[in-house]
Amino acid sequence: MRAYVAERGKPIDEPKPYLFRTAKHVALNHIKRESIRPTDYLEDMDSIESLEAGDTLEDEMIAQQKLEIHCAAVATLPPQCRRIYLMCKVYGMSYREIAEALNITTSTVESHLEKAFSRCQRYVQTRLGDNNTVRSTRPRSRGTGL
Amino acid sequence: MKKVVPLNSREAIRAEAQRWVLAFNKDGGPTDDDIQAMREWSSQSPVHREELKQATDFWHEADRLSILAVPISRYSGTTSRLIRWLSQLVKMPRQYRLAGATFLMLVGFVVLLEPWMISFTTQSDNALYSTLVGEQKTLTLSDKSVIRLDTNTTIKVEYSDSERRIHLIKGQAHFAVARNAHRPFEVYADYGLIRAVGTAFSVSLLKQDIQVIVDEGKVELARVKSSSPHGNRSVKGFDASPSKAVLADTFLSLEKGQSASFDPQQQTIRKLQNEELSRELSWREGLLVFDSKPLKDVIAEVGRYTETSIEIKDSALAELEVGGRFRVGDLEALFDVLSSGFGVQVSHIDQNHIELSPATGASF
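Going line by line, the protein sequences match chains X and Z.
Residues in the first sequence are numbered consecutively from 1, following the working numbering.
Residues in the second sequence are numbered consecutively from 1, following the working numbering.
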């Protein structure tokens, strides 16, 4: 909801430029809530660009592969941990909302998220390698070159 | 933020960086103290800054997972192809099976955790939402229903604990409704009332009558018995507030693949083939798709997305049948195709005025 609320607050004086932007960036409207980036509060830090799918077939394939890797990372988590991580990332629920839904404390939620964070980041970084290219954990075979 | 005595290992710094990202994403966001403390922590060494960047980037990348919240058929195009592609992994040879099972496990979980199981209503849903000419918007409400607003459209959302009411005041919108039998979903559009029994449909007030197209599940159509003599198209004229009981005459049930147009007296229903259904709904992705439509209809449709007025100066040209796909608002592409492929001259009369006529020598 956050991204949407921010957009609503912006004054749109110039319909014309906005028109062209809409035409280009139609792809990832379903991302409900963008995470807050602590690095935004530091100087001299480049942030990665937002998660746009881009126009080319190659961009789409890369997006597909990255999503698959994140899904695979989640699968390595123990049940409660995975549940909490998905409630946070898939449904955009706040820590308190998750705590209330599962009848646990927010600090338990945070500690599960720490574990999920640690495992998933390690998994994804292993799969992606240093230069952010997709690396497979499976032996290569005929078919989609993953 | 737990106080931990920092060890000089990269692992420990990484764990702290990850806790910072989580702290910044907690309810209410970072406080000024948090920001200050984070800056002090980061300044300890370049490794601290690097780990914070990596953790931040990872958490941001993981936002992709939010795609899983939406059932496959609610979105066509990029997203559903992506998810369909993933689900095909189940059918792949042995060494890919793990990934397929992984995905199914995740999807299974996501489906089990139905949004309505977690009851939290947000008052912030209830508001007027509008798009300008040429603008399109997607709204996700607190019950996880997704509404796509087309150009020049206004809706009013009135959610309560027991009901979900939307008032389509003008324009065209598509509704992907989160299933909840305890909380009926209703769209009021002028004298019409559309009740969602199933999950996805569009409503438009673009023509004289009301048009409804169902792409998933089933809806019920009714006419509202209104006390206001001026009809319900103005914001002030109609009170869709949940407390007000509405008398309505249900006259039709509409299913997936069907389209209905109705006015106060009559209704017509059509069954749409798959291709036509997806053409009719392609506006949701900012695309206009035509298959053998007269140029005047194409221009009328394209014209809804721009303040520029476009006039066709030749009656035979107006009837020329064209087909194609255009990005909403991408007039230049449309005009390129018309001038290079169809022998049309595109004259820019002024900033907001364009005329189409046959190029010299061309005839239609």
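It should be emphasised that the hints constitute simulated quantities derived from the structure, not laboratory data.
Cβ atoms here follow ideal geometry from the backbone N, Cα and C, with glycine treated the same way.
Be aware that a few hints might be false.
Straight line, CA to CA, 27 Å or less: simulated BS3-like cross-link-like pairs of lysine-lysine [as the list claims (entries may be wrong)]:
{"#": "1", "chain 1": "Z", "residue 1": "Lys293", "chain 2": "X", "residue 2": "Lys66"}
{"#": "2", "chain 1": "Z", "residue 1": "Lys293", "chain 2": "Z", "residue 2": "Lys271"}
{"#": "3", "chain 1": "X", "residue 1": "Lys115", "chain 2": "Z", "residue 2": "Lys293"}
{"#": "4", "chain 1": "Z", "residue 1": "Lys26", "chain 2": "X", "residue 2": "Lys115"}
To give an idea of the interface, some chain X residues facing chain Z are shown, with a C-beta separation under 8 Å as derived from the structure [claimed, not checked]:
{"#": "5", "residue": "Ser94"}
{"#": "6", "residue": "Tyr95"}
{"#": "7", "residue": "Arg96"}
{"#": "8", "residue": "Cys120"}
{"#": "9", "residue": "Gly129"}
Each hint, compared with the structure:
Restraint check: the Cα-Cα separation between Lys293 (chain Z) and Lys66 (chain X) comes to about 40 Å, which exceeds 27 Å; the hinted pair is violated. For the given pair, Lys293 (chain Z) sits about 19 Å from Lys271 (chain Z) by alpha-carbon distance, which is consistent with the 27 Å threshold. A hinted pair counts as satisfied when its Cα atoms are at most 27 Å apart, and Lys115 (chain X) with Lys293 (chain Z) does not qualify at roughly 57 Å. Proximity of Lys26 (chain Z) to Lys115 (chain X) is assessed by CA-CA distance (about 16 Å); at most 27 Å being required, the pair is judged to hold.
With a least beta-carbon distance of about 5 Å to chain Z, the hint placing Ser94 (chain X) at the interface is held under the 8 Å criterion. The beta carbon of Tyr95 (chain X) comes within 6 Å of a beta carbon in chain Z, closer than 8 Å, and the hint placing it at the interface holds. For the restraint placing Arg96 (chain X) at the interface with chain Z, the shortest Cβ-Cβ distance is roughly 5 Å, inside the 8 Å limit, so the hint holds. Given hint, Cys120 (chain X) at the interface with chain Z, holds; its Cβ is 7 Å from that chain's nearest Cβ, closer than 8 Å.
The beta carbon of Gly129 (chain X) is not positioned within 8 Å of any beta carbon in chain Z (closest approach about 13 Å), and the interface hint is therefore violated.
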